[in-house]
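Enquirer: Residues per chain, in single letters:
There are 2 protein chains.
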Amino acid sequence: MTQPTDPSRCDADVRMRGFSRRSTVEAASAWLDAQLQPLAAAEVPLADAAGRVLAEGITSGMDVPGFDRAMMDGFAVQAASIAGAAPYNRMPLAIVGQALPGRPFVGTLASDQAVRIMTGAPLPAGADAVLPAEVADVEGQRVFAQGEVPPGKNVGRRAEDVAAGAVLFSPGRRLRPQDLGVLSSIGMSTVRVVRRPLVNIVLTGNELLPAGTPPHGHQIADANGPMLSALTARDGGIVNHCAIVADQREQLLTALARECDVLLVSGGSSVGIEDHVPVLLSEQGELAIHGIAMRPSSPTGMGRIENRLVFLLPGNPVSCLCAYDFFAGRAIRALGGRSKDWPYRRITAPLARKLNSTIGRVDYARAKLVDGRIEPLSIGGASILSSTTRRRRFFDCAGRQ
Amino acid sequence: MTQPTDPSRCDADVRMRGFSRRSTVEAASAWLDAQLQPLAAAEVPLADAAGRVLAEGITSGMDVPGFDRAMMDGFAVQAASIAGAAPYNRMPLAIVGQALPGRPFVGTLASDQAVRIMTGAPLPAGADAVLPAEVADVEGQRVFAQGEVPPGKNVGRRAEDVAAGAVLFSPGRRLRPQDLGVLSSIGMSTVRVVRRPLVNIVLTGNELLPAGTPPHGHQIADANGPMLSALTARDGGIVNHCAIVADQREQLLTALARECDVLLVSGGSSVGIEDHVPVLLSEQGELAIHGIAMRPSSPTGMGRIENRLVFLLPGNPVSCLCAYDFFAGRAIRALGGRSKDWPYRRITAPLARKLNSTIGRVDYARAKLVDGRIEPLSIGGASILSSTTRRRRFFDCAGRQ
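Residue numbers (the numbering used here), protein chains in the order written: chain A, 1 to 401; chain B, 402 to 802.
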């Protein structure tokens, strides 16, 4: 047995006993990625589709707009009929009607005629251009063109926005607000998207009081439940069930058996005498990964029970957050059809000072950006959740091979 | 009257008639910003607080943890009692009990004693360090230390995460998942956040069919309702009411009078014969801004009716999106306590080709990033909503003075 070179720099997760062999982050990620296929499609109303991921590509069945229309207020004309018009050569046309959006002019325009038209109104039959209102003088039932317009001028052509048969979106597209506008414009009232993963959260630890309970005596208030719930929602999952479960076999078994796509278990993930969950997962399904060469979060485990992906997250809140971000969040995002990548902004910058790390281990340091350099925060504790709230995000700082 | 130098390059929003004077984007933004104070506070359950904005700063009323605790599995000891211990100089201690998380050892440790302790368990009275399990050989009721530990080693001190009186968050903080964890750990079950703005959306235009209706004849399906609803939600607003309203005085008056914090009116915002809304806004309240020197979206208007901020957005969907992003979104974000800035990633890169713009006008071009250069998309139409879905976002390209 060897003593860690500096045990105070290892957080509580780094236990020398028990994890005879740790997986690398790469190997653990590779196992995980092999489990991740987007879930089946579900049909949702367009109004609920923002942020959802398309299960199928979308091809337009129609032209948008379905007709030629005016792009300015003015007069629909035959361009040839006012060729040569100018302020000193005003050319008259008879106003024979008007076209408003949704209320077209009925009839066909002759060469000496004009139809008063509003932006968005269908171009009357016979017309091929719109003379802008500001170059048209109206006198009674006649309009005098003060300028000429070429054919097609100020006309929005049928299908200029979307043509029938056009591929609008590919599968996997995460729908943005303007996408909903486009889908609505082709008459879609529902859309087939990837189902959101159902996530159960099990919080273990006899020292835990329910979230929001003032801590007292030797108990602490659960921090991981609210955090994991919010992370799950951020990543597109639906929290189906979230509860503190006693560290007892029967209660844990019930929790492991509850239907979901992803099960997050916080606490009891290591190899201590009260760490029951890894054993139960082995019995009930598969404990594929247990112990990962990373800091914090080394006592992280992953496996399956039937169709449920199970993540054993350390109870220490910083470790829990880190293991979530690396593995569980990746799974929730991918099952819901989103990118596996972190939903954080990524920057590359020099370190303000050296960070020590062991070869083969990935260290995740909390850091802040100071004058374009990355300043590691000095607090190393896996239990210091407040250290993750001082600056905006984690940075992957050192130790990748 | 002057003819535009090239009317085809102006989109439908640029009408020479009527807007005798346009506000600059800067002046319009300045008027708007003077209206924007975060709304009053509301108390919400912690579980619903992710993404919300704190109305008040938060100072911890307690230490977290509230007691010293073990940071490793091992044995609680008096450090001095095993000074000099080494693999070749094992030093025995009597095991007098155990300490588990939430189940402390009752009693006080003497110098020749040890208490088996698990990570997270309270440190027993009398102990000042934790001997890691991997340097401790257990033989019956005794443990032999194979190494020494300095006082305080592997002990998480009371208040190491959060000290009573510490300022955890300032007002205006947008709560992230780990923030909820920290708030939960100090026993907070509710939190006071800025109220989300209530937003009504009025869609005008006799050519409009309800969103999701297949367009037919000379009618088009409403695209702006779904888009504005999703944008509102993205920016933290709550869509209170969203409906197509006929371009008729009585119906518009009813819509203008409906209670909300922000009213978005799409369509009928210009100075045409059927643009009723600017007139009604002037009558019922204040039309402070009408016509803005920008492209698209020049026929944008802003004003107030009592406590309601009113935005007159052009009906053309690209103009509507642009005017939303510039003005209405800014207001919704700010009223809800968020940053006024665009929620888009901002990049600076050279243009791949020249963009023409008029001095004094702000142009918003759709663009794509190609090999590190910004390639303007060639489609200029304010009605081509699909052009906003080809690449991720708008870029402010040209024309700022």
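Calculated from the structure, these hints are not laboratory results. Just so it is clear, the structure is predicted and the values come from calculations on it, not from any experiment. The reader is advised that the hints may include incorrect statements.
To be verified - Facing chain B, according to a computed beta carbon distance under 10 Å, are these residues of chain A, among others:
| # | residue |
| --- | --- |
| 1 | A49 |
| 2 | I186 |
| 3 | V239 |
| 4 | N240 |
| 5 | A243 |
We put the beta carbon where it would ideally sit given N, CA and C, even for glycine.
Enquirer: Taking the hints in turn, state whether each one holds.
Expert: Hints and how they fare:
Annotation: interface hint on A/A49 holds; nearest CB of chain B at approximately 8 Å, less than 10 Å. Contact between A/I186 and chain B, as hinted, is supported at the beta carbon level, the nearest pair being about 7 Å apart and thus within 10 Å. Nearest Cβ of chain B to the Cβ of A/V239: about 9 Å, under the 10 Å cut. The hint holds. Look at A/N240: its Cβ only gets to about 14 Å from chain B, farther than 10 Å, so that hint breaks.
Of the supplied interface hints, the one on A/A243 is violated, with its beta-carbon coming no nearer than about 13 Å to a beta-carbon of chain B, more than 10 Å.
Checked against the numbered hints given earlier, the structure breaks hints 4 and 5 and satisfies all the rest.
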